[in-house]
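First to last, the protein sequences are chains U and W.
Quick note: the first sequence, position 101, residue 125 per the working numbering, numbers continuous.
Quick note: the second sequence, position 35, residue 199 per the working numbering, numbers continuous.
Since the hints were made in silico from the structure, they are not lab data.
No experiment lies behind these values; they were computed from the predicted model shown.
Glycine included, every Cβ here is placed at the ideal spot set by N, Cα and C.
Treat the hints loosely; a few may be bogus.
Which stretches of chain W does chain U cover? Using the computed rule of at least three CB atoms under 8 Å from a CB of chain U, they are [claimed, not checked]:
(1) 204-214
(2) 241-251
(3) 268-274
The calculated lysine-lysine pairs, modelled on DSS-like cross-linking and capped at a C-alpha distance of 30 Å, are [claimed, not checked]:
(4) K27/U / K204/W
(5) K93/U / K204/W
(6) K205/W / K93/U
(7) K93/U / K200/W
(8) K208/W / K93/U
(9) K93/U / K76/U
(10) K208/W / K27/U
(11) K205/W / K134/U
(12) K205/W / K186/W
(13) K27/U / K205/W
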Amino acid sequence: DAKTTQPPSMDCAEGRAANLPCNHSTISGNEYVYWYRQIHSQGPQYIIHGLKNNETNEMASLIITEDRKSSTLILPHATLRDTAVYYCIVRGSSNTGKLIFGQGTTLQVKP
Amino acid sequence: DTAVSQTPKYLVTQMGNDKSIKCEQNLGHDTMYWYKQDSKKFLKIMFSYNNKELIINETVPNRFSPKSPDKAHLNLHINSLELGDSAVYFCASSQSQGGVTEAFFGQGTRLTVV
Chain U
25 DAKTTQPPSM
35 DCAEGRAANL
45 PCNHSTISGN
55 EYVYWYRQIH
65 SQGPQYIIHG
75 LKNNETNEMA
85 SLIITEDRKS
95 STLILPHATL
105 RDTAVYYCIV
115 RGSSNTGKLI
125 FGQGTTLQVK
135 P
Chain W
165 DTAVSQTPKY
175 LVTQMGNDKS
185 IKCEQNLGHD
195 TMYWYKQDSK
205 KFLKIMFSYN
215 NKELIINETV
225 PNRFSPKSPD
235 KAHLNLHINS
245 LELGDSAVYF
255 CASSQSQGGV
265 TEAFFGQGTR
275 LTVV
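Only chain U is shown next, with the shape it has when bound in the complex (with noise of 0.2 Å):
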């Protein structure tokens, strides 16, 4: 599975559009990009996933790039309890079903 980068930290008001992006740049064409999120001493949440195309559920957006190698989850209306360490990751649909986790980012919602 293909490796992600991520910066470790970021900030949002509340109310505001949260862009977290990930760069994956080695990802290959049959590997999809899946987002986790790790709210305080709890387990990590799935999010979303999407192979080239943008996707949109209840929670988030995300956004991947044509050439697919970097994309940005989008939180619409961060809110305070949005504040968790968001992780990115680059698996296969073939693999074994474990999910490599990076460091991933800490989204800090402030009021």
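Position chain W against the provided structure of chain U, taking the given hints into account.
Chain W in isolation, oriented as in the chain U frame:
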């Protein structure tokens, strides 16, 4: 109604003891996992079972022995506990081991070895 539940939530024990952590999922998933999160917050996979069969064993010391009595349960038994085993252990499950599938995690078991 909790999807992936682990017990206990907290576990404090002395070095050298043997302890078990239990995990159950009610999602009907075929695959279950154990992850370890150390003091530096790195999350790393330990084991994966698919339909009660061991799929992944990520060079974990053999003091750690997972057991899957059925596909809804994956327990973790740890022998001769060491200080370095102190961590948060997360159980997870997914519909299948391959394919495009999301994983659901339990709330974690914080193990402290003293």
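Here's how the hints hold up against the structure:
1. Counting residues of the stretch 204-214 of chain W whose beta carbon lies closer than 8 Å to any beta carbon of chain U gives 7, which reaches the threshold of three, so the coverage claim holds.
2. A count of 0 residues in the stretch 241-251 of chain W with a Cβ less than 8 Å from any Cβ of chain U is obtained; the coverage claim is therefore unmet, three being the minimum.
3. A stretch counts as covered by a chain when three or more of its residues have a beta carbon under 8 Å from one of that chain; for the stretch 268-274 of chain W and chain U the count is 5, and the coverage holds.
4. At most 30 Å may separate the alpha-carbon atoms for a hinted pair to count; K27/U and K204/W meet this at roughly 19 Å.
5. For the proposed pair K93/U and K204/W, the alpha carbon gap of about 28 Å is at most 30 Å, so the pair holds.
6. For a cut-off of 30 Å, the pair hint linking K205/W to K93/U stands: about 26 Å separates their Cα positions.
7. The suggested pairing of K93/U with K200/W holds, with an alpha-carbon distance near 29 Å, which does not exceed 30 Å.
8. Simply put, K208/W and K93/U have alpha-carbon atoms about 24 Å apart, close enough for the 30 Å limit, and the pair holds.
9. Restraint check: the Cα-Cα separation between K93/U and K76/U comes to about 10 Å, which is no more than 30 Å; the hinted pair holds.
10. Using a Cα cut-off of 30 Å, the hinted pair K208/W and K27/U holds, with the two alpha carbons roughly 15 Å apart.
11. A hinted pair counts as satisfied when its Cα atoms are at most 30 Å apart, and K205/W with K134/U qualifies at roughly 23 Å.
12. Only pairs whose Cα atoms come within 30 Å are accepted, and K205/W paired with K186/W is accepted, the gap being roughly 22 Å.
13. With a CA separation close to 18 Å, the supplied pair K27/U and K205/W stays within the 30 Å bound.
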